[in-house]
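Got chain A sorted already, so can you dock chain B onto it with the hints?
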Amino acid sequence: MSSDPKIEGYKFKPGYSGMAADTASDQTMFKGVHWGKAMMWIFLLSDTFIFSCFLISYMKGRGSTPEEWPNPSEVFALNAFGVPVPLLLIAIMTFVLITSSGTMALAVKYGYERNRKMCGWLILATALGGLTFVGMQVFEWSKLIHEGVRPWENPFGAAQFGSFFFMITGFHGTHVSIGVIFLFIYAYKTFAGHYDEGKRGWFTTMKGDYVEIEILGLYWHFVDLVWVFIFAFFYLW
Amino acid sequence: MSEDINENKTIQAQSSETISGGETGVAPDIDYVRPAELADQDLYHGHTFITKWVFCQDAKVIGVQYFLLATFTGIIGLILSWLMRLQLGFPGAAGFMTAEHYYQFVTMHGMIMVVYFLTALFLGGFGNYLIPLMTGARDMVFPYVNMVSFWMFFVAVGVLLASFFVPGGPTGSGWTLYPPQAILEGTPGSGMGIILMCVSLILFVAGFTMGGLNYLITILQARTRGMTLMRMPLTVWGIFTATVLAMLAFPALLVSALMMTLDKVLATSFFMPTILKAGEVLEYGGGTPILFQHLFWFFGHPEVYIVALPAFGIVSDLISVHSRKNIFGYRMMVWAIVVIGALSFFVWAHHMYVSGMHPWFGFFFATTTLIIAVPTAMKVYNWILTLWRGNIRLNTVMLWCLGFIVTFVNGGITGIFLGNVTVDVPLSDTYFVVAHFHMVMGIAPLMVIMGAVYHWFPLVAGRMLSEKLGKWHFWITFLGAYSIYFPMHYLGFIGVPRRYFEMYDSPYITSAVGMNQFISTSAFIVGAAQFILIYNIVVSLKIGKPAGKNPWQANSLEWLTPTVPPEHGNWGDKLPVVYRWPYDFSVPGAKEDFIPQTTPPSEVVETEVEKT
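Protein chains in written order, with this note's numbering: chain A, 1 to 237; chain B, 238 to 849.
Next up, chain A with everything else stripped away, as it sits in the complex (with noise of 0.2 Å):
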């Protein structure tokens, strides 16, 4: 199945009222949509609600600490050469986790035009992107740690700074390494055919196809995206 949107013999109904009936139809309501794709969509709205509620508690929460906020652009300076650079290590975070959603775009591109050799090595190349990331994760959280930060107290100001640090970036941390879990799966099952050949999965018994690789690069941006907002509320407030 490709992500074509044309259902034969289905004709969208013009207007208002036409854009109420399709949606109203039988049989789907997303025409021509694969239904791992439309669940993957509301995991990831469900999910939004989850990040939603970690950043309105963290504003809550620094809000209401009578303690002083340390200053990010202190805190997370990064030296080099001898020259403390606020916000460097992120900004490469930043900057990696960004690249690998344009190779897991392509990857997805490459899939569908059933270029398995391409489609695996890019993958691969978001799979690395994603363990860069998480590797500079572990870095600066060694880094804090090693200054004494700790979720219950920092030296800087409010306990709750590192808190709310480690728990938010932990947790989106966490999602990454998922992300880059499945890509290595991912990657292994592309070169191996198991999306040409329609093989069952090991758990699922459900063919292989495609869309999965697709399926799994929403995910991929999605988290990123969350990263974008973790990064100017953590990092740039």
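In short, the hints are calculated from the structure, not lab data.
On a predicted model such as this, the values are computed, not experimentally measured, just so you know.
Some hints here could point you the wrong way.
Lysine-lysine pairs mimicking DSS-like chemistry, simulated, CA-CA at most 30 Å apart [what the hints assert, rightly or not]: (1) B:K811 to A:K11; (2) A:K37 to B:K705; (3) A:K207 to A:K109.
Below, chain B without anything else, positioned relative to chain A:
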């Protein structure tokens, strides 16, 4: 038109809905249904005992598994409520009961009943069983994940019940788990108890998300030919909207449970302000307990409708089938469900009127709360208008439906009291509140569950339940529930506070003593009466009257499977084709008083019945 009918000796059956098919210029084919968009579903059929009954991917088996496990936890909740009522009615009668135990039982009773019993039963149980059958699908779209969903629920229940056996016992902080007291020493179960509770909730949310995605996508993307959105039974609409609410509200519960766990385990201070205990400053500081209340109730209020909306949907179908009339105002009912669902996200702070919020804030939430009464009242009127001049079959199912309408209206009206800030503040934390929410989201949905069990048991088991036992069950439960909760409103008015272990010698409420004894006695009887149902089910499985196909003469697809009970894959070789909504009861001119959804219009139009 009316003149034509007067002149003719015969009436042509007017089908309520026909598909306008065929191209213009060609003679329209009234039976036209678009060809299938999707290939037939490729299902995994289990062969061994384990794949057929334990780790089973069939939504119907998963539904029954959910139903049984939820009922099991529900019975534990019932026993806890007995112990609480024993203490309240006859203080000291149970020797082992301490204040700590009482709080633990209150907490576990509340959490079990709301989350692990009602939510799991309606969405996991009825949702799994009915969604594929009613929408004409072979199974859920992702059966493997659906199976994992149940086993996550199983683990969540296990973790929850394990907290009874850890040092300190289960948490006793009330089902709302408010910090800071939930995790501070002095509250029963503030050690392992609260941690296990939070972990169990996180597991439940994760498991539910897997199931919920299946329910939503099966309804949106896997309906059969001809099954448009506005031809879905209201049961499906109710479960669908409730699942949407769950997908958007459970994240707040997940986040608050996670933050609470971190507060306990890592001594973070998300919810913990600076606390002085016996002159000593605790390690916490700078957190905000109100944040927890907002997160919890952002989940907590939609949760009420996660329980109520499936009940609304199911009861609409039951009333329509058993009064042999189409549901009054079907589209209005659908939109009311959707609007109630949407509004339920804007009312959460009416649970927090006494948290010290700004009066204007309370005013806003009072307004939104009262607005919800409008679509809800529409639904009640529509149920009554469906019954109006219907050909009512006063069987057990109908009795439960009528019981639901009465208890729901009753609980809803006290909700209007409590929605207003000025009325709520003096009634806050009294038994009036307890009476209100038990009536509206305890008893009323329970009535629907009972009605649904009597209605769909013949489909699941192929045998009828005993009507005689069913009527005993209904009348004891209905009258008993009123004996429990009606006096409770009065207890609230005279100011008896909830969550108190014992009132000791409180001269201003001596009249509460006798009333508490009466309530407790009723509670024992009502609780015991529920075992009539279990007896009825066990006996009927063996010796119940064989149900045959479609014993209630219903129209919806679940009764139209080639085999009863339906097998894995539901529909045999060919998927059903749907031509109409499921409410074509007593259509003028039709031969029978029901026209199943799969009957093509041509068959109906061609029957002509002589006018009488």
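Verification of the hints:
1. With a CA separation close to 25 Å, the supplied pair K811 (chain B) and K11 (chain A) stays within the 30 Å bound.
2. Pair hint K37 (chain A) plus K705 (chain B) does not hold up; C-alpha atoms about 50 Å apart against a cutoff of 30 Å.
3. Distance check on the hinted pair: K207 (chain A) and K109 (chain A) sit about 20 Å apart at the alpha-carbon level, within 30 Å; holds.
In summary, the one numbered hint that this structure violates is 2.
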